[in-house]
Amino acid sequence: MAGSKTWKVGLLYVLAFAVLAVMVFPYLYMVLGSLAPWDEVDRKLIPSSLTLRSYEWLFQGGEDVVPRPWLRAFFNSLLVTSASTLLMLVTAVMVGYALSKVKFKGRQWVNNAILFQMFYPSIILLIPLFLIVRYFGWYNTYWAMILPKAVNLWAIFMYTNFFRGIPDELIEAAKMDGAGHFTIIRRIVWPMSRSITTIIFLFLFMERWVELLWDMLVVNNEKMLTLNVLLAQMFGPYGGYPGPMYAASVLLTLPILILFLLFSRNFKEGMQFILK
Amino acid sequence: MGWLLASPYLVYSAVFFLIPLFWALYLAFTNWNLISPEYETVGMQNFIDAFFSPSVRAAFWVTYKFMLMFVPIVIAGSLFLALILHHLPRWKGLFAVGYFLPYLASGVASSIVVKGVISYNSPLNQFLRDAFGWDIDWLGSPILAPLVIALMMAWKFVGYYALLFLSGLESIPKEVYEAAEIDGAVGWKRVWHVTIPMLYPSFYTVTILAVGLMFGIFTEPYVLTGGGPEYATHTWQLEIYNQAFEKLNAGYGTAVAIINSIVTFASIFVFRKVLEKWGGKHGWE
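Just so you know, the protein sequences line up as chains H and S, in that order.
Everything in the first sequence is counted per the working numbering, starting at 1 for the first residue and increasing by one.
Everything in the second sequence is counted per the working numbering, starting at 1001 for the first residue and increasing by one.
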């Protein structure tokens, strides 16, 4: 009986590792493709030697190819994503706090409006949103990529639910000591929500980082493109250079992976709240 | 004070939700081309054109084709992953993190990888040629092209949905299993008669999420197939993007977006009702 049990657990781990291999395989393929000699890219699973040629080509260009602003695009992505994510977090904490811990007339009404908007298909808004951004003169600016993505309903919803679990007595006691709402947020509410904040931050950052459609619409100046958009647009004309395309994909994927692995210690407990 | 703290949301919603919403409802009845200062209202013409348009009809059917491929794959896959995770005695969290990694991938990067993996001289195709004599034109086939995209999306979401199933599995009380064991339900019988019925709420959530996802596909077909071959991967979002920003039919594009939303709402509503009825018939909650 004990023998059959170990046998089963062994099989389970074999399965678990096999699934893991499938999940990680595309990432490995991408990294190997970016480091392989050019005549082996997409031809050999494991390259016979490793080279940085694809990365050099990416940043310096080839003999007859103009270098594209990949690094600039990387920094555009970083700037836009960080600014946008930060704004989404700050506004979500503020609004979530207001909707759970401050009593005011019309609060329920605002709560309902958020729920309604969350389930509203945003595709209807795409074209008029583009027109508004153009009307404000934000076309081809960072503002166009940051401000329409400065508030996130899902994040507000998550924080509202989380703050509801914080005892009111804690807030009341702080008020007795003369603390204002902003002090309460900074000193009490914010420190208490660290585990959920890391997960919400991760999701917001990730979703903003891989946005394609919107960033593609509001910017056409090559210097302003995000890395995701630049890569999507270059993939057509540069399809004959798969090595550098893999190198750019690595550049695009690495920051998110690093961020995720850094935060993954809180992953399971944070996810448990998100998925409730 | 409450209003002040909530003001970021209120201002944002006024500018980026309410105004565009009403603007959209007006635009859909015009023939505006995004540039010219002059345009006129055309009544229901955009909606009538959309109804008879082959590309809109394609987008309509393609979405259900994607659903037919994606939803069963992703549900079976994520349930399988969740069962593995649930029974692992150690490193459960570690494997969960590993399975979640695909969710971080940009659709652009994964499309580039997939294009490489199925390119003519790739190791995969070499193997299929040498071993079976198969010469497969993956993205040229109207069945394989959407299947490739559905599989890519399943790869991306399976780890995420597995976490939903896992939290469902973890919420099943031990007593239920013990009671089932007394009744003689063990092994696969137990999975079938105890675990799956108890998982119905997670199953419901995952299905609705997966169905909803199919109405918003853009990146993968945009990068990989451009909607082809012959509209086989032409999604709603691709159609709206093409109309409004490639052909500059802003009014018509908005009308298509409105039709898309109605179809989405109606489809999800029907799916919910069917699932609830089906669950109710088996006495699941």
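Hints listed in this document are in silico derivations from the structure and should not be mistaken for laboratory results.
Some hints here could point you the wrong way.
[What the hints assert, rightly or not] Derived lysine-lysine pairs resembling BS3-like cross-links, with alpha carbons at most 30 angstroms apart: (1) H:K105 to H:K175; (2) S:K1189 to S:K1092; (3) H:K5 to S:K1273; (4) S:K1174 to S:K1281; (5) S:K1273 to S:K1189; (6) S:K1065 to S:K1277; (7) S:K1092 to H:K8; (8) H:K8 to H:K175; (9) S:K1092 to H:K268; (10) H:K8 to S:K1174; (11) S:K1065 to S:K1174; (12) S:K1065 to S:K1247; (13) S:K1281 to S:K1065; (14) S:K1189 to S:K1247; (15) S:K1247 to S:K1174; (16) S:K1189 to H:K5; (17) H:K8 to S:K1189; (18) H:K5 to S:K1174; (19) S:K1273 to S:K1092; (20) H:K175 to H:K5; (21) S:K1174 to S:K1189; (22) S:K1277 to S:K1189; (23) H:K103 to H:K5; (24) S:K1281 to H:K268; (25) S:K1092 to H:K223.
Here is what the structure says about each hint:
1. H:K105 to H:K175: 20 angstroms, holds
2. S:K1189 to S:K1092: 25 angstroms, holds
3. H:K5 to S:K1273: 43 angstroms, violated
4. S:K1174 to S:K1281: Holds: K1174 (chain S) and K1281 (chain S) sit about 25 angstroms apart, inside 30 angstroms.
5. S:K1273 to S:K1189: Status holds; Cα separation ~28 angstroms.
6. S:K1065 to S:K1277: 23 angstroms, holds
7. S:K1092 to H:K8: Status holds; Cα separation ~16 angstroms.
8. H:K8 to H:K175: 58 angstroms, violated
9. S:K1092 to H:K268: Holds - the C-alpha atoms of K268 (chain H) and K1092 (chain S) are around 10 angstroms apart, at most 30 angstroms.
10. H:K8 to S:K1174: Holds. K8 (chain H) to K1174 (chain S) sits at ~21 angstroms (cutoff 30 angstroms).
11. S:K1065 to S:K1174: 40 angstroms, violated
12. S:K1065 to S:K1247: 26 angstroms, holds
13. S:K1281 to S:K1065: Roughly 27 angstroms separates the two Cα atoms, so the pair holds.
14. S:K1189 to S:K1247: 57 angstroms, violated
15. S:K1247 to S:K1174: 60 angstroms, violated
16. S:K1189 to H:K5: 19 angstroms, holds
17. H:K8 to S:K1189: 17 angstroms, holds
18. H:K5 to S:K1174: 20 angstroms, holds
19. S:K1273 to S:K1092: 35 angstroms, violated
20. H:K175 to H:K5: 58 angstroms, violated
21. S:K1174 to S:K1189: Holds - the C-alpha atoms of K1189 (chain S) and K1174 (chain S) are around 16 angstroms apart, at most 30 angstroms.
22. S:K1277 to S:K1189: 24 angstroms, holds
23. H:K103 to H:K5: With a Cα-Cα distance of about 57 angstroms, the restraint between K103 (chain H) and K5 (chain H) is violated, given a limit of 30 angstroms.
24. S:K1281 to H:K268: Violated, because 34 angstroms separates the two Cα atoms, which is more than 30 angstroms.
25. S:K1092 to H:K223: Roughly 44 angstroms separates the two Cα atoms, so the pair is violated.
Comparing the model with each earlier hint shows violations of hints 3, 8, 11, 14, 15, 19, 20, 23, 24 and 25; every other hint is respected.
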